[in-house]
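For the sequence shown, this note's numbering gives the first residue as 12, with consecutive numbering after it.
Careful: at least some of the hints might be erroneous.
Mimicking EDC-like on lysine to aspartate or glutamate, the simulated pairs with C-alpha atoms at most 16 Å apart in a straight line are [claimed, not checked]:
no.	residue 1	residue 2
1	K151	D131
2	K151	E133
3	K151	E136
4	K151	E130
5	K87	D65
Calculated from the structure, these hints are not laboratory results.
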Amino acid sequence: MDRAQELNRIKRAAGTTDAPGSLFVFVTKFLPTVNNFEVVGQLTSSAATLAWGDNTLLCLYLNGTLEYTMDPTNPKSLLTATPFGVAHRDDPFERDIEAIRLGEYPLLPSRFSALFGFEDRESCERVAQLHGWSLEEVRKVRVEQHEVLARAHRGNMNLISVLHGLYPASLTRDQLEQAIRWYWSGSEELPITTDDARFGTPLWEWLVEGTFHRIDEPRGTIQDVLRGGS
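Using the sequences plus the hints, can you model the full thing?
Following this line, the structure appears as structure tokens:
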């Protein structure tokens, strides 16, 4: 078995997959994102950046035991630097999602480390309608994944949205954990009921350990970007 076949075997066993060659992403005004993405022209996930430069973290990442506890004194923990990770690292709902991933799907990318993207602009339009995100922040990117660090997962964003609306009072612990497993398994079905039909159809989001490169040219300086100039 050659190297490519062995890597594919490992990915299949882990439940992970290859990300599409290009995706659409929402770029926020979170300063490091603006600087890296709009000016430098790329953004890299936390684990793919930090684990590669630290042999201890790299081994933990590869065997699925790298944690995202946000505790700088924990040698098995990686401090997240992605916009989502920074914004949600203390969110108990996201911590529950991460606990299921780490315990049962350890080789799938963590929401605290990965970059998020959507397969097409139509998906971005649905996100904008459901959550009020600005379509002016959507950029098309080329996805680069290192063969050793590459991890990707396609999950139903609408399932997470419905769960978040019910968390924690309207769900038993068993219901919550089972629904989170559906997210990590990539299921198309919604295992819980919702009165809002807009969330009944899957809305696929990609979690990617790797680098997103802007397909168009980076523009201006950081001051230009924050002012909205070009």
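Now the hints, each set against the structure:
A threshold of 16 Å between alpha carbons decides the hint, and for K151 with D131 the separation of about 9 Å falls inside it, so the pair holds. The hinted pair formed by K151 and E133 meets the criterion: a straight-line CA distance of about 13 Å does not exceed 16 Å. The straight-line distance between the Cα atoms of K151 and E136 is roughly 14 Å, inside the 16 Å bound, and the hint therefore holds. Pair hint K151 plus E130 holds up; C-alpha atoms about 10 Å apart against a cutoff of 16 Å.
A hinted pair counts as satisfied when its Cα atoms are at most 16 Å apart, and K87 with D65 qualifies at roughly 12 Å.
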